[in-house]
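Undergrad: Those protein sequences? They're chains A and B, same order as listed.
Going by full-length UniProt numbering, the letters in the first sequence line up with residues 1 to 300, in that order.
Going by full-length UniProt numbering, the letters in the second sequence line up with residues 1 to 300, in that order.
Because the hints were derived from the structure by calculation, they are not lab data.
This one's a predicted model, so the numbers in the text were calculated from it and none came from an experiment.
Where hints are given, some of them may not hold.
The list cannot tell twin chains apart, which means a pair is met if one copy fits it or any two copies do.
List of simulated lysine to any residue pairs, SDA-like, C-alpha gap at most 25 angstroms [to be verified]:
id : residue 1 : residue 2
1  : K203      : P132
2  : K169      : R67
3  : K251      : P280
4  : K49       : T171
5  : K169      : L32
6  : K49       : N213
7  : K169      : F63
8  : K49       : L258
9  : K251      : R35
10 : K264      : R16
11 : K251      : M93
12 : K264      : D95
2 protein chains.
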Amino acid sequence: MAEPTRLSAAMAEVAREVEEELDLLLAPVPGLEQRLFEAMRYATLGGGKRLRPFLVIASASLFNVARPAAVRVGAAVEMLHSYSLIHDDLPAMDDSPLRRGRPSSHIEFDEATAILAGDALLTRAFEVLADPAIHGDAGVRIELVRALALAGGGHGMCGGQMLDLLAEKATEPMDIGAITRLQRLKTGAIIAFSCEAGAILGKAAVQQREALNAYAHDLGLAFQIADDLLDIEGSEAETGKTVGHDAAANKATFVSILGLERAKAQAGLLADQACRHLEPFGAAADLLRDVARFVVTRRS
Amino acid sequence: MAEPTRLSAAMAEVAREVEEELDLLLAPVPGLEQRLFEAMRYATLGGGKRLRPFLVIASASLFNVARPAAVRVGAAVEMLHSYSLIHDDLPAMDDSPLRRGRPSSHIEFDEATAILAGDALLTRAFEVLADPAIHGDAGVRIELVRALALAGGGHGMCGGQMLDLLAEKATEPMDIGAITRLQRLKTGAIIAFSCEAGAILGKAAVQQREALNAYAHDLGLAFQIADDLLDIEGSEAETGKTVGHDAAANKATFVSILGLERAKAQAGLLADQACRHLEPFGAAADLLRDVARFVVTRRS
């Protein structure tokens, strides 16, 4: 299935807007602490598919949210995503020297600077969401802050990362239920936040939120299965990151349990299922449908 | 100058309340991610003077803020403080094996768990501030989130920590102006937030906020000079952390530049000056005066 042109153009436009926004929000500073901001910019600018900001903006567009607000929330999610990549790549964690086709932050700078840059990016994400520029209604901003904190913390991304670390050390491989739960926390929670953020900005009705949430749930799993497939079938040149990590760590993944063909089929089924949740939105959700198909066919 | 009994009793009461609150807010969870919560609890519970929560609660009491709200904000600040200690103690940062008289988090658990526990505590601090239980007014909560993010990020604590790392590597020692700026960022910003939080919760007038801010500014510097003195004169048994770190790292501190006696005198002058900023509040601010004297006479 070829990537639709409509989606390519929309993703390129979002990537450009988010890059510009991040460049502004992470403006370099004078003084000795400029090294910290350089590291924050290095890890955040100039790379990535900007999938999470795209989900924020595409979801927000269902509710006619002003685009600059959605772009800014997308930039905040991308800061949080970048922080998680910096910390995941550290020697004590996944020990990955390569990210987005360049040396990881702790290689380009040093471990201490990388840890701090991650901390500062996480903090800045909340600062951006709390800023009145996002939305005049403090209630909307506080809901965004709370939802991001829930998705990023011990019951979300950090919890999933802990499970992932333990999985590598475990003597018995995880079963499919445990892996599904791990991935729902580790990558699913922030993907779900990205879709939820559009609904929060648009003050969407409960049923609309639930439809988006169901979409995000299936999308997140489809994304992760595709990621596991790329770790086996992808090349470093294509993905821009270290591949073969899971197999080297002898880690149970969707692919190691289901096998290559069943994993591919499962990802496709989940993408179809994700799209069906979007029916209430009609043609307005076409970009979200495109992105569901894209995540399971991408090569990077 | 002996520590006043009034202050000892008030600090013990705050420590008890904050411990109870943190125990609730960091409730252990079932499932494999319990290890993450154990690490978060290990780093946060059962130790510390709880100076920052004390400042939140004492400042809030000037404006008749409901005590449970102030205690909860205090617990959030303590989570942020604990995260900063976990990450500061890491091998790539200060490489300190001892904290609060016990093995540092990366020794008790492992580096990866320590990094994640710090990340999750930082995230949880924002989640707690965003929760409606803090205050019914979303505007108050969002102001707290924003102020904490500003104090903790690249222009605050993380920026100060970056300067501190660079100071250790620099060939020329920093001068007194550079050290003052470093410490204003590294420890001063969160101390200032703690006092500011009381004013935010109490919807204080601008002049009252400015008075508290001036107090916090002098208090923060006095606190840091006293900390430098303890690093030289204190013992590990008294302070519960690794001492002699600054001298071993050949790091410029207030004490290395001013000398022991002038540093002590300067800390005392700053504490007096801090108290004078509290005049508008009259006797209601006596505990804040006591704490200014305490920080320069403490032995741990």
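Undergrad: Classify it for me, K49 with T171: is the Cα-Cα distance of at most 25 angstroms met within a copy, between copies, both or neither?
TA: neither (35 angstroms within a copy, 41 angstroms between copies)
Undergrad: For the identical chains here, do K251 and M93 meet the 25 angstroms Cα criterion within one copy, between copies, both, or neither?
TA: within (14 angstroms within a copy, 30 angstroms between copies)
Undergrad: Checking K251 and P280: alpha-carbon separation at most 25 angstroms within a copy, between copies, both or neither?
TA: Neither, since 39 angstroms and 63 angstroms both go past 25 angstroms.
Undergrad: Can you tell me if K169 and R67 fall within 25 angstroms by alpha carbon in one copy, between copies, both or neither?
TA: neither (44 angstroms within a copy, 45 angstroms between copies)
Undergrad: Taking 25 angstroms as the upper bound on the Cα-Cα distance, should K264 and R16 be classified as within, between, both, or neither?
TA: For K264 and R16, the Cα distance exceeds 25 angstroms both inside one copy (31 angstroms) and across copies (55 angstroms).
Undergrad: From the Cα coordinates, with 25 angstroms as the cut-off, is the pair K264 and D95 best called within, between, both, or neither?
TA: Classified as neither; 28 angstroms inside a copy, 45 angstroms across copies.
Undergrad: If the cut is 25 angstroms between Cα atoms, do K169 and F63 qualify within a copy, between copies, both or neither?
TA: Classified as neither; 45 angstroms inside a copy, 52 angstroms across copies.
Undergrad: Checking K251 and R35: alpha-carbon separation at most 25 angstroms within a copy, between copies, both or neither?
TA: Close across copies (19 angstroms), not inside one copy (36 angstroms); limit 25 angstroms.
Undergrad: Given identical chains, is K49 near L258, meaning Cα to Cα at most 25 angstroms, within a copy, between copies, both, or neither?
TA: neither (27 angstroms within a copy, 53 angstroms between copies)
Undergrad: Taking 25 angstroms as the upper bound on the Cα-Cα distance, should K169 and L32 be classified as within, between, both, or neither?
TA: For K169 and L32, only the inter-copy Cα distance (12 angstroms) is at most 25 angstroms; the intra-copy one is 40 angstroms.
Undergrad: Up to 25 angstroms between alpha-carbons, please classify K203 paired with P132: within, between, both or neither.
TA: The answer is both: 17 angstroms in one copy and 18 angstroms across copies each meet 25 angstroms.
Undergrad: Have a look at K49 and N213 and pick one of within, between, both or neither, based on CA distance no larger than 25 angstroms.
TA: Intra 21 angstroms, inter 43 angstroms, cutoff 25 angstroms: intra-copy only.
Hint check: violations occur at hints 2, 3, 4, 7, 8, 10, 12; the rest are consistent with the structure.
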